[in-house]
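Guided by the hints, dock chain B onto chain A, whose structure is given.
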Amino acid sequence: MAALGAWGTAVQRGRLWGAARALWGWRRPQRALGQDAGKKKDAKPSFTDEAVQNLLYKMTGLDLQKVFRPVKQELKPPKYKLLTEAQLEEATKKAIKEAKEKLTMPPVLDEREPIDDVLAEDKILDGIETTKYIFTDLTYSIPHRERFIVVREPNGVLRKATWEERDRMIQIFFPKEGRRVIPQAVFKDEHLVTVFQQDRHEDILNMCIAQFEPDSADYIRIHHRTYDDIEKHAKYDLLRSTRHFGGMVWYLVNRKKTDGLLIDMIHRDLLDDATSLITLYHMLHPECQSAKEAEERKLQGVDLIKVFAKTESQKEGYIQLALQAYEEAMATSTGS
Amino acid sequence: MVQLGSRLLKGYRGGHVVIRFALGGCTNRPFFRIVAAHSRRARDGKYLEQLGCLDPLPNARGEKVAGLNLERLRHWLGCGAQLSRPAEKLLGLKKATD
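First to last, the protein sequences are chains A and B.
Mind the numbering: the first sequence is residues 1 to 336 in the numbering used here, read in order.
Mind the numbering: the second sequence is residues 337 to 434 in the numbering used here, read in order.
So that you can see chain A by itself, here it is in the shape it has in the complex (with noise of 0.2 Å):
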């Protein structure tokens, strides 16, 4: 049989056990989050930033009847209600606070780094298993970040679980809704591909945050193909009023490939979404020319864009194409 080693021996021995546990997932102080937006006000703007996250949910927009839009439920009968104009309005706005809640956007962190730590090398173990052992510790009151996930492998080494080991084990002792065990194939790059042509990308994205850890490779890698995809072909409008569009306008910007979402919401007639999205742009990137200029001359609305599609975007044709068109529009409405 395997043996824990000198580690099980810890389990008589108490003093380990709050230090070492505390450490235990977590390798480095927890930069990932950044929380250090008091200390440095200077620094780059990270993703939970109160003015990104309103910039961010502003441009989001809230089409209720999106986002309340049925999902594969049990069947049941319809239920109708007569309502005054009074009651209409207050269902109205308890409307907007659940959808508020359901448009909570997932949160945006760097890649973990991979464990490869090994805790003891017992050389007269060596030869006597031939496959290797998973230890989980199942103790209810600690947080899945702080488990001891351990493995002894057949050659007698005793590392620290990797971290594909520790969500499957952790899975398996503790499963959550929506998650398996082991992911599935509609997550590889050459399956992605068909979901993009189907144009499923919230649904895929959804099953995304179920199934992974936010700061693991899988959940970043579909979030960005998902992203570079609707980008390529100009679906914004898809995950427009969803809990996804600020995860997509936060890597667009800071990949400066803001040019096709700006046509689009000129398009829609959402200047107040492009004024925003520009300041974001300037927020992330205060060195950038139309960021100074914005400064300078304190520049609003059309302005601002005309600034920005001289200086900064690649498609400045296309935008000042659809600004024309849409000063025409306003032009016609307001003289008829």
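FYI, nobody ran anything at the bench for these hints, they're computed from the structure.
Just so we're clear, the structure is a prediction, and the values are computed from it rather than from any experiment.
By construction, the Cβ of each residue, glycine as well, lies at the ideal position given by its N, Cα and C atoms.
Heads up, a few of these hints could be off.
[Unchecked claim] Here are the computed lysine-lysine pairs in the DSSO-like style, where the Cα-Cα straight-line distance is at most 30 Å:
hint, chain 1, residue 1, chain 2, residue 2
1, B, Lys-400, A, Lys-123
2, A, Lys-81, A, Lys-93
3, A, Lys-188, A, Lys-66
4, A, Lys-97, A, Lys-66
5, B, Lys-425, B, Lys-382
6, A, Lys-72, A, Lys-44
7, A, Lys-298, A, Lys-58
8, B, Lys-400, A, Lys-176
9, B, Lys-425, A, Lys-123
10, A, Lys-256, A, Lys-100
11, A, Lys-58, A, Lys-93
12, A, Lys-66, A, Lys-76
13, A, Lys-256, A, Lys-232
14, A, Lys-102, A, Lys-123
15, A, Lys-232, A, Lys-102
16, B, Lys-400, A, Lys-188
17, A, Lys-257, A, Lys-58
18, B, Lys-425, A, Lys-298
19, A, Lys-132, B, Lys-346
20, B, Lys-425, A, Lys-160
21, A, Lys-58, A, Lys-76
22, A, Lys-160, B, Lys-400
[Claimed, not checked] Cβ-Cβ distance ranges computed for the label pairs, FRET-style:
hint, chain 1, residue 1, chain 2, residue 2, range
23, A, Ser-46, B, Arg-397, 31 to 39 Å
24, A, Ile-172, B, Asp-380, 17 to 25 Å
25, A, Gly-127, B, Ser-420, 23 to 31 Å
26, B, Arg-421, A, His-224, 29 to 37 Å
27, A, Lys-315, B, Arg-397, 47 to 55 Å
28, B, Arg-421, A, Gln-73, 50 to 58 Å
29, A, Pro-214, B, Ser-420, 37 to 45 Å
30, A, Ile-172, B, Gly-350, 35 to 43 Å
31, A, Pro-114, B, Ser-420, 52 to 60 Å
32, B, Asp-380, A, His-224, 45 to 53 Å
33, B, Arg-397, A, Lys-310, 55 to 63 Å
34, B, Gly-360, A, Asp-117, 27 to 35 Å
35, A, Ser-46, B, Gly-360, 29 to 37 Å
36, B, Arg-349, A, Phe-174, 48 to 56 Å
This is chain B only, laid out in the frame that chain A set:
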């Protein structure tokens, strides 16, 4: 039914608490539960507490999965529970070459 009470609460003379493996599963498919029980009880009978499990057959990735509730294990070892030989080997408190 009150008259069954004394027959269900089995009293033993002597014996002690052991942490050992209780066999479960089906034909040609064993599965062990790591269990704290009275030493005089049946192997698969009534136990005091389940402290974990061990799957002796390797899974698709070639791993044997074992779960141990270390907090409760500490408690029972603190209460003076003995360990069976396979349990000792699993926890590494005995030479695996025996």
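Consistency of the hints with the structure:
Between the alpha carbons of Lys-400 (chain B) and Lys-123 (chain A) the distance comes to roughly 20 Å, so the proposed pair stays at or under 30 Å and holds. For the hint pairing Lys-81 (chain A) with Lys-93 (chain A), the CA-to-CA distance comes to about 16 Å; that is within 30 Å, so the pair holds. A hinted pair counts as satisfied when its Cα atoms are at most 30 Å apart, and Lys-188 (chain A) with Lys-66 (chain A) qualifies at roughly 28 Å. A C-alpha spacing of about 15 Å is found between Lys-97 (chain A) and Lys-66 (chain A), which places the hinted pair at or below 30 Å, so the restraint holds.
The hinted pair formed by Lys-425 (chain B) and Lys-382 (chain B) meets the criterion: a straight-line CA distance of about 24 Å does not exceed 30 Å. With a C-alpha separation of about 41 Å, the suggested pairing of Lys-72 (chain A) with Lys-44 (chain A) is violated against the 30 Å cut-off. Proximity of Lys-298 (chain A) to Lys-58 (chain A) is assessed by CA-CA distance (about 21 Å); at most 30 Å being required, the pair is judged to hold. As the CA atoms of Lys-400 (chain B) and Lys-176 (chain A) are separated by approximately 22 Å, the hinted pair is consistent with the 30 Å bound.
Taken as a hint, the Lys-425 (chain B) and Lys-123 (chain A) pair is honoured in the structure, with Cα atoms around 16 Å apart against an allowance of 30 Å. Straight-line distance between C-alpha atoms of Lys-256 (chain A) and Lys-100 (chain A) comes to about 28 Å, which keeps the hinted pair within the 30 Å bound. For the given pair, Lys-58 (chain A) sits about 17 Å from Lys-93 (chain A) by alpha-carbon distance, which is consistent with the 30 Å threshold. Pair hint Lys-66 (chain A) plus Lys-76 (chain A) holds up; C-alpha atoms about 20 Å apart against a cutoff of 30 Å.
Annotation: proposed proximity of Lys-256 (chain A) to Lys-232 (chain A) holds, straight-line Cα distance about 14 Å (limit 30 Å). Distance check on the hinted pair: Lys-102 (chain A) and Lys-123 (chain A) sit about 54 Å apart at the alpha-carbon level, beyond 30 Å; violated. Distance hint between Lys-232 (chain A) and Lys-102 (chain A) is fulfilled; the C-alpha atoms sit about 27 Å from each other, no more than 30 Å. Between Lys-400 (chain B) and Lys-188 (chain A) the alpha-carbon distance is near 27 Å, which keeps this suggested pair within the 30 Å criterion.
A hinted pair counts as satisfied when its Cα atoms are at most 30 Å apart, and Lys-257 (chain A) with Lys-58 (chain A) qualifies at roughly 19 Å. In summary, the hint linking Lys-425 (chain B) to Lys-298 (chain A) is not supported, as the alpha carbons are separated by about 74 Å, beyond the 30 Å threshold. For a cut-off of 30 Å, the pair hint linking Lys-132 (chain A) to Lys-346 (chain B) is broken: about 40 Å separates their Cα positions. Proximity of Lys-425 (chain B) to Lys-160 (chain A) is assessed by CA-CA distance (about 20 Å); at most 30 Å being required, the pair is judged to hold.
Of the supplied pair hints, the one linking Lys-58 (chain A) and Lys-76 (chain A) is violated, its CA atoms being roughly 34 Å apart against a limit of 30 Å. For the hint pairing Lys-160 (chain A) with Lys-400 (chain B), the CA-to-CA distance comes to about 15 Å; that is within 30 Å, so the pair holds. Taking the beta carbon of each, Ser-46 (chain A) and Arg-397 (chain B) are about 37 Å apart, inside 31 to 39 Å as hinted. One distance hint, 17 to 25 Å for the beta-carbon pair Ile-172 (chain A) and Asp-380 (chain B), holds here, with the actual separation near 23 Å.
Look at Gly-127 (chain A) against Ser-420 (chain B): about 24 Å separates their beta carbons, and that is inside 23 to 31 Å. Roughly 52 Å separates the CB atoms of Arg-421 (chain B) and His-224 (chain A), a value that falls outside the hinted 29 to 37 Å. The hinted range of 47 to 55 Å is satisfied by Lys-315 (chain A) and Arg-397 (chain B), whose Cβ atoms lie roughly 48 Å apart. Taking 50 to 58 Å as the suggested C-beta distance range, the pair Arg-421 (chain B) and Gln-73 (chain A) conforms, at roughly 54 Å.
Hint check: Pro-214 (chain A) to Ser-420 (chain B), Cβ distance near 43 Å, so the stated range 37 to 45 Å holds. About 39 Å separates the C-beta atoms of Ile-172 (chain A) and Gly-350 (chain B), a value consistent with the hinted range of 35 to 43 Å. Evaluation of the 52 to 60 Å hint for Pro-114 (chain A) and Ser-420 (chain B) yields a failure: the beta carbon distance comes to about 37 Å. About 51 Å separates the C-beta atoms of Asp-380 (chain B) and His-224 (chain A), a value consistent with the hinted range of 45 to 53 Å.
Arg-397 (chain B) and Lys-310 (chain A) have their C-beta atoms about 56 Å apart, which keeps the hinted 55 to 63 Å range intact. At about 34 Å, the beta-carbon gap between Gly-360 (chain B) and Asp-117 (chain A) stays in the expected band of 27 to 35 Å. At roughly 50 Å, the beta-carbon separation of Ser-46 (chain A) and Gly-360 (chain B) lies outside the given 29 to 37 Å, and the hint is violated. Our hint of 48 to 56 Å for Arg-349 (chain B) and Phe-174 (chain A) is violated, since their Cβ atoms are close to 41 Å apart.
Going down the numbered hints, you'll see the structure goes against 6, 14, 18, 19, 21, 26, 31, 35 and 36, while the others check out.
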